[in-house]
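The opening position of the first sequence corresponds to residue 1 in the numbering used here, with each subsequent residue numbered one higher.
A few of these clues could be false.
[As the list claims (entries may be wrong)] Simulated pairs of lysine to aspartate or glutamate, DMTMM-like, Cα-Cα distance not exceeding 25 Å:
| id | residue 1 | residue 2 |
| --- | --- | --- |
| 1 | 49 | 91 |
| 2 | 405 | 430 |
| 3 | 374 | 387 |
| 4 | 133 | 69 |
Hints listed in this document are in silico derivations from the structure and should not be mistaken for laboratory results.
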Amino acid sequence: MVRVRYAGAPSGDLHLGNIRTALFNWMFARHEGGTFIWRVEDTDPERAKQELIDRAAETMRWVGIDWDEGPFRQSERGDYYASIVSRLLEDGWLYRCYCTRDEIKARGVSSGYDRFCRTRTDQPDAPFALRFKAPDRDVVVHDRLAGEVRTPASEVQDFVAVRSDGSVVFALANTADDIAMEITHVLRGADILNAATSNVLLFEALGAAPPEFVHVPLILGPDRSRLGARHGAVGTLAYRDGGYLPEALTNYLSLLGWAPGTGEEIMSLERRVELFSLDGLQTSNAVFDIKKLEWMNEEYIKTLPVDELRDRIVALDPSIPRDVLQQALDMELLQTRIKTLAEVRDAMRYLYERPPASEVAEEARATLSMLASKLETSDWSVEAIRDAVQSTVEELGLHRRRGPKPIFVAIAGSEKALPLYESIYIIGRDEALARLRAAMSVA
RNA sequence: GCCCCCGUAGUGCAGCGGCCUAGCACGCUGGCCUUUCACGCCGGUAGCACGGGUUCGAAUCCCGUCGGGGGUACCA
Numbered sequence: 001m002v003r004v005r006y007a008g009a010p011s012g013d014l015h016l017g018n019i020r021t022a023l024f025n026w027m028f029a030r031h032e033g034g035t036f037i038w039r040v041e042d043t044d045p046e047r048a049k050q051e052l053i054d055r056a057a058e059t060m061r062w063v064g065i066d067w068d069e070g071p072f073r074q075s076e077r078g079d080y081y082a083s084i085v086s087r088l089l090e091d092g093w094l095y096r097c098y099c100t101r102d103e104i105k106a107r108g109v110s111s112g113y114d115r116f117c118r119t120r121t122d123q124p125d126a127p128f129a130l131r132f133k134a135p136d137r138d139v140v141v142h143d144r145l146a147g148e149v150r151t152p153a154s155e156v157q158d159f160v161a162v163r164s165d166g167s168v169v170f171a172l173a174n175t176a177d178d179i180a181m182e183i184t185h186v187l188r189g190a191d192i193l194n195a196a197t198s199n200v201l202l203f204e205a206l207g208a209a210p211p212e213f214v215h216v217p218l219i220l221g222p223d224r225s226r227l228g229a230r231h232g233a234v235g236t237l238a239y240r241d242g243g244y245l246p247e248a249l250t251n252y253l254s255l256l257g258w259a260p261g262t263g264e265e266i267m268s269l270e271r272r273v274e275l276f277s278l279d280g281l282q283t284s285n286a287v288f289d290i291k292k293l294e295w296m297n298e299e300y301i302k303t304l305p306v307d308e309l310r311d312r313i314v315a316l317d318p319s320i321p322r323d324v325l326q327q328a329l330d331m332e333l334l335q336t337r338i339k340t341l342a343e344v345r346d347a348m349r350y351l352y353e354r355p356p357a358s359e360v361a362e363e364a365r366a367t368l369s370m371l372a373s374k375l376e377t378s379d380w381s382v383e384a385i386r387d388a389v390q391s392t393v394e395e396l397g398l399h400r401r402r403g404p405k406p407i408f409v410a411i412a413g414s415e416k417a418l419p420l421y422e423s424i425y426i427i428g429r430d431e432a433l434a435r436l437r438a439a440m441s442v443a
């Protein structure tokens with residue numbers, strides 16, 4: 001029975017890397033019919049805030065991840081850790097260390113610990129941490145992706161397991177919880193591959209078999225450093241606010257470090273669960289490419305039912321008039337023209353708000369003028385409007401393609417806009433005439 | 001510095017010793033379609049990091065170099 005967890009510090013908004021890790025765990029659990037557990041590593045009191053957890057939960061729900069157990073908070077599991085610590089103490093795995101980092105450095109130790117306190121017999125009246133008595137041999141971590149990762153004996157450290165304030169350190173809480181929760185597979189970022197050595201030592205000391213480790217490669221920014229704040233929008237919710245569909249975002253994220261092996265790229269959550277396998281996991285880091293995400297979002301938008309699309313646009317931006325939006329959507333003006341939901345507003349704004357009149361070329365006046373007079377008496381249908389525009393262009397001997405440009409400018413405020421006939425139809429006869437006249441009078 | 005991981009076009013993937021004149025997708029780009037902009041369709045672009053082996057044969061296996069990333073905390 002597969003039991004996996006997403007364990008992270010609630011550092012506010014879960015960033016893309018966190019979500020991808022959660023996603024991999026979740027997809028794996030769902031594929032295997034296993035259990036997905038959410039654990040919050042908030043031993044640091046600064047991080048033990050309910051609002052942070054709420055926000056993390058909001059993020060998880062938005063992307064479609066649900067959890068079978070949890071969220072378990074490490075900040076509430078102190079008693080359990082204390083029992084683990086006393087066990088370790090009884091079995092002789094821990095020893096008191098009174099050294100401060102400065103003292104260690106003063107001894108000429110640049111990194112790691114020289115085991116100074118390991119053999120000391122006195123017990124000074126000073127604060128102490130508890131260090132783990134690491135064995136004097138190579139330690140091997142069996143990782144699904146990296147293989148047998150061997151840490152040479154000289155690099156194996158007597159790491160601090162309990163801080164001088166009595167709180168337990170990440171490796172300890174992490175391992176203790178994985179044992180208690182009977183975790184079978186640990187999928188996490190490769191940034192803590194090295195830390196797995198401490199985990200393995202602790203599993204052994206506690207007489208538990210280590211889970212299968214799967215350290216997934218990291219997501220990098222365009223500059224190839226680990227994706228982080230310096231790369232701009234990295235919080236997952238920022239993508240919701242930016243008009244990305246969660247299914248597109250998670251689809252894209254899933255492909256960063258994993259491939260189904262079928263060549264498929266656009267896959268629903270269900271399909272991804274169906275295809276997910278540890279075998280498809282990648283061993284090298286992946287660069288986050290916003291362009292491909294945009295493309296994928298576009299693809300998802302294109303296949304969304306109109307009503308669904310409308311609801312999502314309104315949910316994101318309630319200020320957009322629903323009736324106008326509905327018309328634009330029904331006339332298929334928007335769906336193939338936006339990469340994100342957030343673009344809708346600017347794309348269709350001129351349909352319900354008169355754009356500032358911009359200057360039109362002198363020669364264009366005749367065009368606008370003739371069209372205006374045709375529109376005054378024309379039937380009010382897209383077909384009739386098309387006839388009016390086309391006949392104007394023909395009668396004035398204008399270029400078939402370039403001829404209507406001034407009309408776009410007059411109506412939409414730009415040469416690039418949604419389809420003209422429908423736009424004119426939607427804004428209505430009075431408004432259309434007013435805009436044409438306004439454009440003529442600017443010059 | 002030391003330790004660990006990784007290395008196929010700009011990016012993400014496929015390739016698992018001969019089927020590779022290295023495939024797909026994004027990007028970029030030419031064209032068609034078209035009332036603008038898009039969509040769609042057709043085409044182009046660019047790569048096995050380098051050097052040694054092993055082998056009849058290597059993108060695929062081995063070694064080295066170089067390059068990238070991560071770690072080196074009483075952070076996770």
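Outcome of the hint check:
A hinted pair counts as satisfied when its Cα atoms are at most 25 Å apart, and residue 49 with residue 91 does not qualify at roughly 35 Å. Between residue 405 and residue 430 the alpha-carbon distance is near 20 Å, which keeps this suggested pair within the 25 Å criterion. This hinted pair checks out: residue 374 and residue 387 have alpha carbons roughly 9 Å apart, not beyond 25 Å. At roughly 33 Å between alpha-carbon atoms, residue 133 and residue 69 are farther apart than 25 Å, so this suggested pair is violated.
Hint compliance for this structure: hints 1 and 4 are broken, all remaining hints hold.
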